[in-house]
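Based on the provided sequences and hints, a complete structural model is requested.
Sequence order for the protein chains is A and B. Letter 473 of the first sequence, counting from 1, is numbered 473 in the working numbering, and no numbers are missing. Letter 19 of the second sequence, counting from 1, is numbered 19 in the working numbering, and no numbers are missing.
No lab work stands behind these hints, which were simulated from the structure alone. Hints are all accurate, no fakes.
Result set (DMTMM-like, lysine to aspartate or glutamate): computed pairs, CA atoms no more than 20 Å apart in a straight line:
#1 42(B) <-> 270(A)
#2 31(B) <-> 188(A)
#3 42(B) <-> 188(A)
#4 42(B) <-> 152(B)
#5 169(B) <-> 270(A)
#6 43(B) <-> 270(A)
From chain B, some residues computed to sit far from chain A (all C-beta separations above 12 Å):
#7 117
#8 133
#9 139
Here's a subset of chain B near chain A, in silico, CB distances under 10 Å, partners left out:
#10 36
#11 37
#12 38
#13 41
#14 42
Being a predicted model, the structure only gives us computed values, none of them experimental. Ideal Cβ placement from N, Cα and C applies to all residues, glycine included.
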Amino acid sequence: MSKLEDSPNASINEQTEGFPSQDNDYLRLRRLLLGADYDSALQSYVSKEDDAERVASVLAQAIRQSTRNDPAVSKALAPLLNKAIHESIIKNPSQITNVIFPIMGPAIRKSVAAALREMVQNLNRVLEQSFSPKGIAWRYKAWRAGVSYGRYVISQTLKFRVEQVLLVHRETGILLHAVADEAVHVKDPELLSSMLTAIQDFVCDSFDTSSESSLERIEMGDFALHICAGPAAAVAVAVRGALGEAELGQVNEAIELIHQDYYQALDTFEGDREAFESTEDILRGCLVSEELEAVTQQKRRPWLAIGFIFALALSLGFISVKNWQVQTEFERIIELTQQEEGYIMVASSRDGDAANLSLFRDSNSISESALLSKLSPKRLFVNMNVKTITFGAIDTAKLNALTLPAPVASLDERTQYAQLLSHINSRAIYFAENATELGSTELESIPALVNAIHRVKALNHSLKLATPQIMLLGFADSNGSQAANLEVSKKRAELVKALLVNNGIQESTIQAWGLGHKDGQLLSAREKRRVTIHVVNPFTNSRTEEP
Amino acid sequence: MLVKKVCMVGPFAVGKTSLVKRFVESIFSDKYHTTIGVKVSKKKVELAQESMQMMLWDIEGVDVFTELKSSYLRGASGVMLVIDGTRPTTIRQLNELLSLVRSYLQETPVVILANKFDLTNEWKLSQDDATKLRENGLTLIETSAKTGAGVEEAFAALAQAMLRECDSKTAE
Numbered sequence: 001m002s003k004l005e006d007s008p009n010a011s012i013n014e015q016t017e018g019f020p021s022q023d024n025d026y027l028r029l030r031r032l033l034l035g036a037d038y039d040s041a042l043q044s045y046v047s048k049e050d051d052a053e054r055v056a057s058v059l060a061q062a063i064r065q066s067t068r069n070d071p072a073v074s075k076a077l078a079p080l081l082n083k084a085i086h087e088s089i090i091k092n093p094s095q096i097t098n099v100i101f102p103i104m105g106p107a108i109r110k111s112v113a114a115a116l117r118e119m120v121q122n123l124n125r126v127l128e129q130s131f132s133p134k135g136i137a138w139r140y141k142a143w144r145a146g147v148s149y150g151r152y153v154i155s156q157t158l159k160f161r162v163e164q165v166l167l168v169h170r171e172t173g174i175l176l177h178a179v180a181d182e183a184v185h186v187k188d189p190e191l192l193s194s195m196l197t198a199i200q201d202f203v204c205d206s207f208d209t210s211s212e213s214s215l216e217r218i219e220m221g222d223f224a225l226h227i228c229a230g231p232a233a234a235v236a237v238a239v240r241g242a243l244g245e246a247e248l249g250q251v252n253e254a255i256e257l258i259h260q261d262y263y264q265a266l267d268t269f270e271g272d273r274e275a276f277e278s279t280e281d282i283l284r285g286c287l288v289s290e291e292l293e294a295v296t297q298q299k300r301r302p303w304l305a306i307g308f309i310f311a312l313a314l315s316l317g318f319i320s321v322k323n324w325q326v327q328t329e330f331e332r333i334i335e336l337t338q339q340e341e342g343y344i345m346v347a348s349s350r351d352g353d354a355a356n357l358s359l360f361r362d363s364n365s366i367s368e369s370a371l372l373s374k375l376s377p378k379r380l381f382v383n384m385n386v387k388t389i390t391f392g393a394i395d396t397a398k399l400n401a402l403t404l405p406a407p408v409a410s411l412d413e414r415t416q417y418a419q420l421l422s423h424i425n426s427r428a429i430y431f432a433e434n435a436t437e438l439g440s441t442e443l444e445s446i447p448a449l450v451n452a453i454h455r456v457k458a459l460n461h462s463l464k465l466a467t468p469q470i471m472l473l474g475f476a477d478s479n480g481s482q483a484a485n486l487e488v489s490k491k492r493a494e495l496v497k498a499l500l501v502n503n504g505i506q507e508s509t510i511q512a513w514g515l516g517h518k519d520g521q522l523l524s525a526r527e528k529r530r531v532t533i534h535v536v537n538p539f540t541n542s543r544t545e546e547p
Numbered sequence: 001m002l003v004k005k006v007c008m009v010g011p012f013a014v015g016k017t018s019l020v021k022r023f024v025e026s027i028f029s030d031k032y033h034t035t036i037g038v039k040v041s042k043k044k045v046e047l048a049q050e051s052m053q054m055m056l057w058d059i060e061g062v063d064v065f066t067e068l069k070s071s072y073l074r075g076a077s078g079v080m081l082v083i084d085g086t087r088p089t090t091i092r093q094l095n096e097l098l099s100l101v102r103s104y105l106q107e108t109p110v111v112i113l114a115n116k117f118d119l120t121n122e123w124k125l126s127q128d129d130a131t132k133l134r135e136n137g138l139t140l141i142e143t144s145a146k147t148g149a150g151v152e153e154a155f156a157a158l159a160q161a162m163l164r165e166c167d168s169k170t171a172e
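Laid out in structure tokens, this is it:
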């Protein structure tokens, strides 16, 4: 018994340390009446764990009930949820990507479709207003009324349009935030806000009204300024047309909401407007407009716009098809000309419906008029610039007699050019019997040749002349059949072309031509197995001597 | 950037409007002075700590026929009190105007601008008067609308004073 008594007393003594003696008596009495388990039961009742359990069991129901009765719960939870979502995205971005992926596609499609629909509607409106009898009549009336056409159209098509919304600090007149319709040119809203406050003060002073009361509306013609004032701030909306009651109510709600959400920022405002940037959405909600014929406009099909788009598409289609046909014919003519025996194409270009070809022609090949009839152009006018030459030892020397045009080049440049050409044209690359590959000595001479070609090209470029063409003529000795000689001479020319291309000469500027056996008895068999190199300027920019 | 309302007051024809014309942005014409008695313009002042935009309420001049419209002073964070240093009457009006401003704006920083400082031969504001004002804790700056002397300094001084006032309010 004594043990039983001692134990609670000891515990009581521990608990009552530091309390006044009256409280100690109370605690002792409570312990005697309620027993030793009371404290632990009380602790357990109020412990956090039990609290969590109790709240968890009713949380969902409590939130549902609160949200139904009072939107304040949603508002209170919103920042918490925003923060939680933000943290979650930072921690695991792929999770949110996976969640929103199925939503994004349809949303983007819907948005694009809506934007296109709006664009067509706007286009239709512009066309109607520009070209329709109504549009022309409006232009005339706007001119007579002395107002801009845009203003007149707005007055005829819009019931009202809120052009600008200002949130103004009432005491100082300082603009807290402003939004405006993108289509409207607005003056400095900060100055407007202060001046508006000055006008309000002027009215209060002049007519002895209370400074607590506020101007509610200023009207001028079809323009009105509606001011919805709260205790600390006011929202001023600039409206073209007559603002409806519902929209005015919306503005009133906006100022109430701003006072509710920003009461502290308004109360302690010392000139820092950063806190009010987030009022953007609320103010944008007031930027509304209503069309006079909104309902009928929606039901009507935008035939004018559809017709315009259709005509535009048809025209573009026609132009594209015609261009494609001309280009195809141009490519066919190039191909046929290149395939024609005895012709070398030095340059080709297309200028609209005209094809310009610069050609070398072997004197033994068909005439240029015969070639033209063979090409039979239907949509293109073919402009041929042909130089006729007879390939052989003597004629290639004539081919090499190229000079720079005197009007664009100085004497020094022409001398330098002639030396370079002489260096290139005097070179021939020789092959072994029946060989279409080069020996090492010949291969070693290629870089010097490439260097000389580059210098010629650089000179042409500095004189703003067309890029020179490199013509490679392959030859064979008299052994073998004519066809075999032609084949081997082509392979030799192609090999030199490949070597030049590998060393940085642009492929499109090189023409390789196999001529087979063309030489007489003056050359040795080795000298006949060669490829000669000729620099040729396109005829349009150079003065080549007639061979 | 902080935005502050600043009122510019002073006797009639001391050169208030001319004083700031070259230094401020405005979209309104001077006719507002004769209609509603005030014209608002704005002025950006760059301080070492931060930028400040002043919404400058240029209030029409005060004389025997025209009272200062007190409602225009409401909410002002700073006052520029302009006098004509060549006209003794405007110098005498200074204390009266200062008291009037103080009755509405007890703690608001005030900078006194003694204008027309370029007219040195006609200058009437004595060194004693200037020293007395400065000894009373007021900021006095000699300015000239003609040469622009002292104007930027006056704006900077007022901006600094308003910033100090703002900081002390925040600290409270």
